[in-house]
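Participant: So you can see what is in the structure, the chains are spelled out below.
Number of protein chains: 2
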Amino acid sequence: MSIYVVGHKNPDTDSICAAISYAALKQAMGEDATAIRCGEINKETQYALDYFDVAAPILATKVEAGQKVIQVDHNEVGQAIDGLADAELIEIVDHHRFGGLNTAGPIYVHTEPVGCTSTIIANMFWDKNINIPKDIAGLLLSAIMSDTVLYKSPTCTDKDHDAAEKLAEIAEVDLHEYAMAMLKAGAGVGDKTPAEIAKTDSKPFSFGSYKALVSQISVMDTAEVLDMKADITAAMKDICDKEGYNLIMLMVTDIIEESTDLVFYGEPKKLIADAFKQDASGDCIHLPGVMSRKKQIVPPLTEAAAKF
Amino acid sequence: MSIYVVGHKNPDTDSICAAISYAALKQAMGEDATAIRCGEINKETQYALDYFDVAAPILATKVEAGQKVIQVDHNEVGQAIDGLADAELIEIVDHHRFGGLNTAGPIYVHTEPVGCTSTIIANMFWDKNINIPKDIAGLLLSAIMSDTVLYKSPTCTDKDHDAAEKLAEIAEVDLHEYAMAMLKAGAGVGDKTPAEIAKTDSKPFSFGSYKALVSQISVMDTAEVLDMKADITAAMKDICDKEGYNLIMLMVTDIIEESTDLVFYGEPKKLIADAFKQDASGDCIHLPGVMSRKKQIVPPLTEAAAKF
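These protein sequence lines are chains A and B, in that order. Numbering-wise (UniProt numbering), the first sequence opens with residue 1 and increments by one. Numbering-wise (UniProt numbering), the second sequence opens with residue 1 and increments by one.
A pair counts as met if it fits within one copy or between any two copies, since identical chains are not told apart.
In silico BS3-like links for lysine-lysine, alpha-carbon gap of 27 Å or less: (1) 159 / 294; (2) 128 / 26; (3) 294 / 277; (4) 307 / 68; (5) 26 / 159; (6) 152 / 192; (7) 295 / 26; (8) 307 / 294; (9) 152 / 43; (10) 192 / 43.
Since the hints were derived computationally from the structure, they do not count as laboratory data.
Please model the complete structure; the sequences and the hints are all you need to start from.
Facilitator: Here's what the structure looks like:
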């Protein structure tokens, strides 16, 4: 039975490309591994898949008992494919905080505080002296440029930078030109409804006893989202009521200005006020220099919740 | 400020030797790292330190806020040095199950399902093409032979075996002769009180809502422990009352016969009965072929608790 390699729910470019690439690495090592996904492909990821002519992983919303699974780009239970608790988790390759990881026995885990899971996977190919095929190099590069927002995110490390430069050579693309075209393909509101905007690239988190959803939309101009703020917060109220969240936050991240407007609905707003040391009695705060959910949004909320 | 490298409370040979060796690897890579320990050195470990003429790590029962810490050979909060929650955890190198790991941000984690943390560390030296000094090779070898009980434990993998053979060459010792002498130095009851026996190499675990302590004593002849069973279970009752455990289990592991007598006190005994499919209404069950707490005791208890 093939081992499934899967990224998080509501997959971003890293979750899709890391799954495909890690399955390819395993296959090159003689193991039977297949990339799957547990959510729709977004426009940015579709651009990368089309550009390098790679098929999307098979959509599987649930894994069965006994299935061997490798998680890439996530480790928190709330972000994982349904059925994972009954399946057999055998590996994790990730670059996120740990959110209460529990396993029955020891497993293989490799996490690093770098900007992208695909950076770790590219280095695994190189450490094992296995050639990275051109299309896989293109996908790994796409994931790094997506996660680090063209190196601008504070999560970006020298290791991400070095990997991306080497991968661009293998993939035979002009790094900046390709990355900007890919980001543009995924940026903006397009024809999304307010509810879809509120859930763009969303991930659930527990901050202390509060259940929160943190979404992120990347734009070239924040006005196209902020002009719809009233409709978006109304949609957030709906999502809170239906899905049992205490708080929903949407990062409206300007990839040109390198800042984020955080639009939010729910309680306690004091958690947001404490985390970012701003008046959060309204429904939006401006966070200059903030681009990373992982490094600049989740840690202050985690720390604020610990002091509640 | 030096980074502290520390094993678990009540350290065994792997926790001490992995801390010393990983600090040595970090130093060889130009980082300022110091091995510390948060408990007494046992007789087996002292034999290894004396044989290879290495000083024991500094005893530190608590780490201060802001201190950078690397955990080796453990990841569960209950097994970690006091004060860790306020310190800055930057890395984990381990070979155990995950017991609810939570971090504020991403960190470096390398775990593998192998028999010994020192096997992972030996391979890190080799992967980075850094020579392992003779004394460090001796300590890494000691840890592997201790954790795998001379390759006999079911946790032992080919990777442990291969590493130990290479390390014995570097350390210039006859592997079997040295390992048997080291195990003998640590085996048996010696002048321990019943309470000390009950807490030999003990580790706390949470099985569902039950707080348990699982200890392990290695012997050449189980009679020397089982003859004191009444005094040991009386001491266990005392420990439960004072330290708030629901259950205490002592693995009396016969390293010659390759079996374990599990002596226990507390409730629910049904957890033990369910886990090992035996009548557990008394205070001891015999488990042929069982030598590993990690692979043969903790997983069945975890699974039994999940079905409670």
